[in-house]
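Protein chains: 4
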Amino acid sequence: MTVNTFEALESNVRSYCRSFPDVFVRAKGSVLYAQSGKSYIDFFAGAGALNYGHNNDFIKERLIQYLQSDGISHGLDMYTSAKETFLQTFSDKILKPRGLNHKVQFCGPTGTNAVEAAFKLARKVKGRTGIFAFIGAFHGMSLGSLAATSSLYHREAGGVPLHDVTFMPFPTGFIDGLDTIGYMEAILTDDHSGIAKPAAIILETIQAEGGLNEAPIEWLRQLRDLCDRHDILLICDEIQVGCGRTGPFFSFERAGIVPDMAVLSKSISGYGLPMSLLLLKPELDVWKPAEHNGTFRGNQLAFVGATAALEFREQTGLEAETERKAKFVEQFLKEQILPIDPRLTVRGRGLIWGIDTSGCGDETLSKAIASRCYELGMIIERAGRNDVVVKLMPALTIPMEELAKGCEILKQAVTECCASNLLQPELV
Amino acid sequence: MTVNTFEALESNVRSYCRSFPDVFVRAKGSVLYAQSGKSYIDFFAGAGALNYGHNNDFIKERLIQYLQSDGISHGLDMYTSAKETFLQTFSDKILKPRGLNHKVQFCGPTGTNAVEAAFKLARKVKGRTGIFAFIGAFHGMSLGSLAATSSLYHREAGGVPLHDVTFMPFPTGFIDGLDTIGYMEAILTDDHSGIAKPAAIILETIQAEGGLNEAPIEWLRQLRDLCDRHDILLICDEIQVGCGRTGPFFSFERAGIVPDMAVLSKSISGYGLPMSLLLLKPELDVWKPAEHNGTFRGNQLAFVGATAALEFREQTGLEAETERKAKFVEQFLKEQILPIDPRLTVRGRGLIWGIDTSGCGDETLSKAIASRCYELGMIIERAGRNDVVVKLMPALTIPMEELAKGCEILKQAVTECCASNLLQPELV
Amino acid sequence: MTVNTFEALESNVRSYCRSFPDVFVRAKGSVLYAQSGKSYIDFFAGAGALNYGHNNDFIKERLIQYLQSDGISHGLDMYTSAKETFLQTFSDKILKPRGLNHKVQFCGPTGTNAVEAAFKLARKVKGRTGIFAFIGAFHGMSLGSLAATSSLYHREAGGVPLHDVTFMPFPTGFIDGLDTIGYMEAILTDDHSGIAKPAAIILETIQAEGGLNEAPIEWLRQLRDLCDRHDILLICDEIQVGCGRTGPFFSFERAGIVPDMAVLSKSISGYGLPMSLLLLKPELDVWKPAEHNGTFRGNQLAFVGATAALEFREQTGLEAETERKAKFVEQFLKEQILPIDPRLTVRGRGLIWGIDTSGCGDETLSKAIASRCYELGMIIERAGRNDVVVKLMPALTIPMEELAKGCEILKQAVTECCASNLLQPELV
Amino acid sequence: MTVNTFEALESNVRSYCRSFPDVFVRAKGSVLYAQSGKSYIDFFAGAGALNYGHNNDFIKERLIQYLQSDGISHGLDMYTSAKETFLQTFSDKILKPRGLNHKVQFCGPTGTNAVEAAFKLARKVKGRTGIFAFIGAFHGMSLGSLAATSSLYHREAGGVPLHDVTFMPFPTGFIDGLDTIGYMEAILTDDHSGIAKPAAIILETIQAEGGLNEAPIEWLRQLRDLCDRHDILLICDEIQVGCGRTGPFFSFERAGIVPDMAVLSKSISGYGLPMSLLLLKPELDVWKPAEHNGTFRGNQLAFVGATAALEFREQTGLEAETERKAKFVEQFLKEQILPIDPRLTVRGRGLIWGIDTSGCGDETLSKAIASRCYELGMIIERAGRNDVVVKLMPALTIPMEELAKGCEILKQAVTECCASNLLQPELV
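Chains as they are written, first to last, in our numbering: chain A, 7 to 434; chain B, 7 to 434; chain C, 7 to 434; chain D, 7 to 434.
Some hints could be false.
[Claimed, not checked] Derived pair list, reagent style DSSO-like, types lysine-lysine, alpha-carbon separation capped at 27 Å:
id	chain 1	residue 1	chain 2	residue 2
1	C	294	B	203
2	B	132	C	294
3	B	203	C	130
4	A	294	D	411
5	D	203	A	130
6	C	294	B	130
7	C	66	D	66
8	A	294	D	132
9	C	130	B	132
10	A	294	B	373
11	A	130	D	130
12	A	132	D	203
13	C	66	B	132
14	C	130	B	130
15	D	34	C	66
16	A	130	D	132
17	B	130	C	203
18	C	203	C	132
19	B	294	C	132
20	C	132	B	203
21	B	66	A	66
22	D	373	C	294
23	D	294	A	132
24	D	294	A	203
25	A	132	D	130
26	C	203	B	294
27	B	203	D	203
28	D	294	C	373
29	A	373	B	132
[Stated by the list, open to error] Derived DEER-like restraints, expressed as beta-carbon distance ranges:
id	chain 1	residue 1	chain 2	residue 2	range
30	B	13	A	34	19 to 25 Å
31	D	188	B	224	39 to 45 Å
32	B	188	D	195	18 to 24 Å
33	B	188	D	351	17 to 23 Å
Just so you know, these hints were derived from the structure itself, not from any lab. Ideal Cβ placement from N, Cα and C applies to all residues, glycine included.
Work out the full structure: start from the sequences and follow the hints.
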């Protein structure tokens with residue numbers, strides 16, 4: 007039995023394999039194929055790293071071609087043609103059309119590394135040590151970014167007290183109706199607040215891991231204004247909700263705001279290859295050479311994929327397609343899922359949606375739904391406080407039939423599990 | 007002029023491109039080809055990430071094949087056949103033959119991330135917050151690993167005081183003749199030392215970035231013994247000096263010691279693809295699921311490369327070859343370089359060697375040598391305090407002719423620069 | 007000119023002498039006599055250290071007698087008859103009648119030192135590092151207590167980032183109408199709040215330095231309940247508002263709650279002599295010998311004063327007298343001060359009251375009032391955000407005539423300054 | 007039985023009373039009188055707070071007079087005639103004759119508070135966060151000073167990791183023969199030391215609590231030079247070894263060096279009353295008003311005592327007397343104690359001496375000696391690693407007969423305990 011290889015040789019820290027215990031051998035688009043012979047529709051998309059689907063042919067072709075041509079594979083931060091092409095493409099297709107003039111920093115190829123870089127730079131620019139992050143936030147696992155990650159489970163695993171980050175209330179997912187901008191304003195203007203002005207405020211415009219908590223557009227504008235008035239940098243963590251996940255390339259675009267820094271990773275390479283970027287306004291570029299470095303900043307294959315992905319996105323009109331599918335998902339959830347149980351709620355944007363089971367009074371319900379989906383041939387994850395939100399996050403490229411089929415599987419799972427849940431009122 | 011693309015669009019943090027300003031387009035084995043038409047012998051090997059050379063054909067074939075077969079590209083920490091094959095191969099070819107039974111943790115695909123994981127685990131296992139690192143050490147750039155990195159330039163860039171790591175004197179590169187084991191022993195047995203017993207001691211058996219400072223074999227054994235006697239975990243950071251760089255797969259093998267944890271990255275994938283591992287004794291595997299996680303822990307292409315690399319290494323007898331080349335380099339340095347200037351010293355092991363110019367009284371000398379090498383068609387870096395050590399780190403697979411040619415270039419550069427230096431006694 | 011002695015020899019850190027620049031030579035009851043020949047009514051009472059007035063004869067007699075008898079003057083934490091008498095008296099007159107069974111820890115003779123001890127003990131008992139303090143709080147100047155002090159001016163002077171304390175919103179003085187108990191409850195029950203459960207919550211039931219912000223009785227009960235439900239220790243900092251300042255000996259008595267620890271200092275010795283106590287529930291007394299120590303824990307003269315003060319308090323019915331005077335002050339402020347300017351507000355309890363000028367739109371107004379009082383022969387201080395609250399804090403023993411006279415001086419000063427303020431609308 | 011009062015009502019943190027369990031009622035000079043009727047010669051002097059003996063009549067007279075005259079008892083940091091007189095006297099009798107022009111900061115009346123102030127000021131002046139302290143050091147118990155205290159027992163009780171202080175090897179008491187100045191020099195000049203340049207170095211010229219470890223004169227000069235060359239402030243903690251304990255008023259005088267700051271406490275008031283001072287070079291006086299404050303900075307009675315003590319010191323020729331007694335003690339220890347057991351060593355200066363039993367291989371020996379002294383009618387304490395040093399620290403004013411008598415008691419105790427120890431070779 008092959009699973010034993012993993013149990014024998016891999017650390018207990020492994021996680022997703024516990025929910026999806028098959029051994030996967032191949033994948034294409036939005037379908038995963040396992041050693042067992044089973045196939046699975048993918049509503050998880052590599053936790054957001056596979057917005058263009060598995061093994062996207064357009065990108066794949068470029069990668070193979072690049073490998074065959076013996077293009078530079080590993081380049082540290084030397085100049086390479088692959089990097090040059092990516093920079094130019096990114097500038098032409100993403101930055102310029104949006105009126106952005108941010109400079110690009112290639113970080114160690116993980117989101118957490120780019121968050122670490124952003125914090126270092128913010129602290130250096132402003133000469134302050136504090137960062138504000140939000141209750142519900144997830145920004146990574148290394149000590150700097152972990153300090154801004156709200157999950158107590160992960161913080162506890164840090165093994166040392168985490169410092170220099172203060173958590174502020176997020177407008178959704180925490181206390182309903184709280185004036186969170188007012189709260190921050192009061193902190194920042196009170197000489198007895200105990201909390202010094204931070205160098206930066208970091209946020210996800212939709213907290214994904216925190217449970218699909220979306221910041222209202224007006225709130226985002228007020229936050230931008232708050233930062234301006236108090237000389238604080240605004241950092242958008244676009245790792246999960248950027249790269250077109252919500253429709254537009256950046257999730258902050260919906261509010262018409264411009265962050266001082268933005269962090270990209272996950273789907274930026276287009277093919278699930280490790281890569282991350284920090285975008286920074288040019289006036290913030292006070293880095294001295296190599297102040298933040300790392301061996302894999304120059305993952306050239308990822309640059310090749312990233313360039314191809316930007317072209318693919320444009321050529322296939324992926325933004326419009328995403329919004330079309332978003333409407334479908336929204337309609338399905340509201341018309342097909344919500345009626346199943348009046349205690350369910352749904353929320354989302356673009357192709358990131360959540361079914362919130364917290365009203366059902368049974369914290370095992372979301373797990374039962376995801377497990378039932380897996381039995382029925384679909385991979386779907388949970389998120390949020392106590393993991394009570396079932397999170398739909400298919401590739402943006404998912405064919406409509408597979409999207410529909412996945413939704414039907416989900417409907418069946420929710421129906422069965424809620425029925426079972428209703429029969430057990432003592433759990434409520 | 008294409009370099010302007012980088013200046014216009016990329017952050018000032020970029021570094022190596024300042025020493026090697028050409029734009030590189032292609033590479034094979036130990037030669038890099040630039041847009042300018044020039045080619046360069048590579049004595050740098052991606053800072054140790056390219057031990058098997060650029061675009062190693064054996065590995066490349068496997069990567070292309072895997073891509074073509076639509077193997078899983080991105081797998082988080084799910085079970086995949088690519089991971090399974092790697093785990094089994096790594097166990098069969100590396101762990102078992104050495105009598106090691108460590109479990110494997112796939113970390114975010116950067117060395118720094120694996121160091122962060124090691125520290126978290128050590129602190130969790132021992133219930134202590136402290137870590138001992140060594141003066142001269144380099145372990146990474148995220149806040150947890152940065153706290154154990156000795157370079158003040160990088161620490162300063164952290165933007166906040168770094169905590170919970172205490173620096174101990176290393177036996178080489180710091181104060182000659184200091185009884186560093188005795189110093190640590192005194193700290194650990196003194197109830198008024200001010201320094202609590204740490205959870206772990208982390209070291210590179212040869213400090214690469216710190217200037218090619220090699221820990222003596224007897225010292226390594228004493229350190230292992232010190233850790234045992236005081237119930238402290240020993241972590242070997244094999245990121246730069248592992249994967250065969252010093253000859254044997256692990257650099258700690260030369261002392262016959264077994265660390266409690268070891269960190270691998272850089273050359274582990276064989277192709278410069280981002281990947282990192284934490285090896286941990288099974289009794290330390292107290293992780294709860296996902297306590298340390300990350301999007302790119304499952305960089306499957308890297309696993310495919312890593313498997314191929316381990317096979318390549320075995321089939322080509324790379325360890326023996328490395329030792330043969332090591333002898334050549336050592337002989338060349340001692341017979342051809344040292345005589346150029348009596349103030350030079352050389353040191354190293356395997357295929358990591360340094361020419362130390364610190365005795366020359368001119369801190370610009372090493373830079374002049376590296377620059378002259380670049381003009382003469384070779385890429386070579388500097389390391390150590392004030393970057394005064396010229397570091398030779400060619401791929402282990404470098405053909406003898408290229409190795410010899412590189413050495414000749416180096417000889418010419420050293421000769422010219424030392425001559426020039428001698429003519430300027432006022433700089434001494 | 008004698009003031010020059012101070013300017014020449016004393017550090018610039020000196021502060022109150024800038025508001026009250028006379029050189030004081032003698033004091034009795036509530037009157038201070040200066041070198042200049044002037045005398046001043048004291049509405050400041052040594053920042054709360056002189057609740058029994060200057061040089062209270064009852065206490066003074068005991069001190070002189072003790073000195074004359076060569077009683078132990080300095081006793082570290084050895085057993086002495088002076089300490090024994092104090093302990094017994096404190097137990098008999100304060101603890102037992104209130105049903106309290108707290109043990110007494112003699113700390114370094116400053117409030118800040120007792121707060122440091124309380125934090126150490128809470129962290130040790132609960133095995134957690136966090137402390138919750140409140141926005142607006144003041145708990146001291148050493149690094150541990152400073153971390154819980156909200157004034158940014160003082161925090162900045164700490165010179166290092168302050169850690170392990172999280173600031174929570176106080177029910178008064180911060181954002182009106184905020185459900186602060188609900189806010190803390192949400193933090194404590196949210197596994198993604200980013201804020202781990204603290205070892206303890208520390209509060210002043212009336213934030214004195216923060217601007218006379220009084221915690222409502224119902225809120226105090228809810229806080230006690232919150233702590234109980236979440237296994238968090240409640241620490242009352244009674245340094246300024248204890249020792250009868252609000253009427254009853256402890257300020258928390260008004261809510262009928264019992265804190266797990268309480269900190270006393272300032273007026274505990276009765277004579278302005280340095281002394282501080284930590285009261286702790288017996289089940290929390292897990293201290294090992296000398297884990298928190300200090301040279302002056304055994305300030306015996308202070309113990310003698312403290313014993314006398316407790317007797318004096320009882321014999322003179324000071325609690326009832328305080329309440330009588332409190333009514334007078336309240337009535338005066340409401341009937342004589344408020345009508346002067348509709349933008350003024352007043353608040354307080356016992357003999358700690360504030361006139362809040364923040365509505366007047368002129369941050370110099372409070373300073374003008376205090377300065378004018380000084381010219382008219384009265385010492386009175388300011389507190390709160392931007393120091394806009396004029397704080398009345400006479401000795402509890404102040405004779406009615408002096409209390410009335412002081413109030414009249416205050417009325418004159420407020421009248422003059424508000425008139426002047428009204429004439430300068432551009433300052434509003 | 008009165009001791010029960012303490013056990014019933016006082017916290018377990020109490021310490022000295024466990025070694026000296028009698029209840030003390032009266033003291034004069036160097037004799038303590040207990041409730042039991044027993045009297046004890048005092049070789050402990052309030053841990054150095056009673057250099058002028060118990061209830062010194064010269065000082066006592068002034069204190070009583072001041073109390074009788076209703077002089078200001080508690081003055082915060084207002085100007086008072088008592089403070090003025092002290093400042094002038096201190097300047098005239100201590101600072102000026104030594105060519106010092108330091109300004110005086112009155113801190114919270116504990117040594118730890120003055121250390122906290124010194125660290126804040128050093129960090130503010132230099133804009134750096136680090137402090138170097140020495141292995142073996144004791145500087146206090148509040149979090150800032152505790153971070154510089156080397157005792158692991160006390161650090162552990164802090165309950166949180168302690169930061170921003172790095173421990174350096176002290177020339178005595180740690181590793182014999184280590185070039186500790188060279189060690190620091192290497193740290194400070196190595197750009198890969200991991201340890202940034204500190205704002206200040208703090209030291210006791212004789213580590214008292216650490217076990218009577220005396221810094222050699224030449225070493226002190228080298229340290230001063232090291233600080234000068236590296237732009238680091240030098241802080242002398244004179245809390246225990248200042249105020250004439252080693253002969254001259256400041257212990258650093260013996261080396262002819264001038265620290266940038268010095269901390270005084272313990273015996274400064276002359277009568278065991280809480281008081282502490284920070285002396286700072288005028289150019290360092292960048293404090294803003296009240297940046298470091300506290301209720302009891304103006305302990306006027308202590309100022310009166312301090313003034314009297316400085317006069318007493320001068321009038322009685324206390325420095326010369328101390329040196330006369332020092333010679334007696336040294337001779338006694340060397341001629342009468344050392345011969346008892348060849349494994350004993352003695353060391354000291356002025357009237358602070360230690361008998362080191364660490365060579366005897368029995369960590370209970372020092373405790374046995376001190377306990378036996380107590381039975382024989384003398385109070386003497388232990389210090390150092392594992393408390394193996396018996397510390398002689400009588401008042402400087404101790405009459406020769408009592409000094410001699412105490413020495414004889416000590417000799418008897420050492421003789422008896424060493425004899426008993428020799429009979430138990432298995433303990434060695």
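Check the hint pairing residue 203 of chain D with residue 130 of chain A against an upper bound of 27 Å on the C-alpha distance. The hint holds at about 18 Å.
Below or equal to 27 Å on CA atoms is what counts here, so check residue 294 of chain C against residue 203 of chain B. holds, 20 Å
Regarding the pair residue 294 of chain D and residue 132 of chain A, is the alpha-carbon distance no greater than 27 Å? The hint holds at about 23 Å.
Would you mind confirming whether the straight-line C-alpha gap from residue 294 of chain B to residue 132 of chain C stays at or under 27 Å? holds, 23 Å
CB of residue 188 of chain B to CB of residue 351 of chain D, is that within 17 to 23 Å? holds, 21 Å
Residue 203 of chain C and residue 132 of chain C were given as a pair; does the straight-line alpha-carbon distance stay at or below 27 Å? holds, 10 Å
Could you grab the alpha-carbon distance between residue 66 of chain C and residue 66 of chain D and see if it respects the 27 Å cut-off? holds, 15 Å
Residue 373 of chain A paired with residue 132 of chain B [C-alpha distance capped at 27 Å]: violated, 33 Å
Regarding the pair residue 294 of chain D and residue 373 of chain C, is the alpha-carbon distance no greater than 27 Å? holds, 18 Å
Take the C-alpha atoms of residue 294 of chain A and residue 411 of chain D, compute the straight-line distance between them, and say whether it is at most 27 Å. Between residue 294 of chain A and residue 411 of chain D the Cα gap is close to 70 Å, so the pair fails against 27 Å, i.e. violated.
Taking the Cβ atom of residue 188 of chain B and the Cβ atom of residue 195 of chain D, is their distance within the range 18 to 24 Å? Once the Cβ atoms are compared, 23 Å apart, the range 18 to 24 Å for residue 195 of chain D and residue 188 of chain B holds.
Quickly compare the C-alpha distance for residue 130 of chain C and residue 130 of chain B to 27 Å and report which way the hint goes. With Cα atoms ~18 Å apart, residue 130 of chain C and residue 130 of chain B stay inside 27 Å; holds.
Hint compliance for this structure: hints 4, 13, 29, 30 and 31 are broken, all remaining hints hold.
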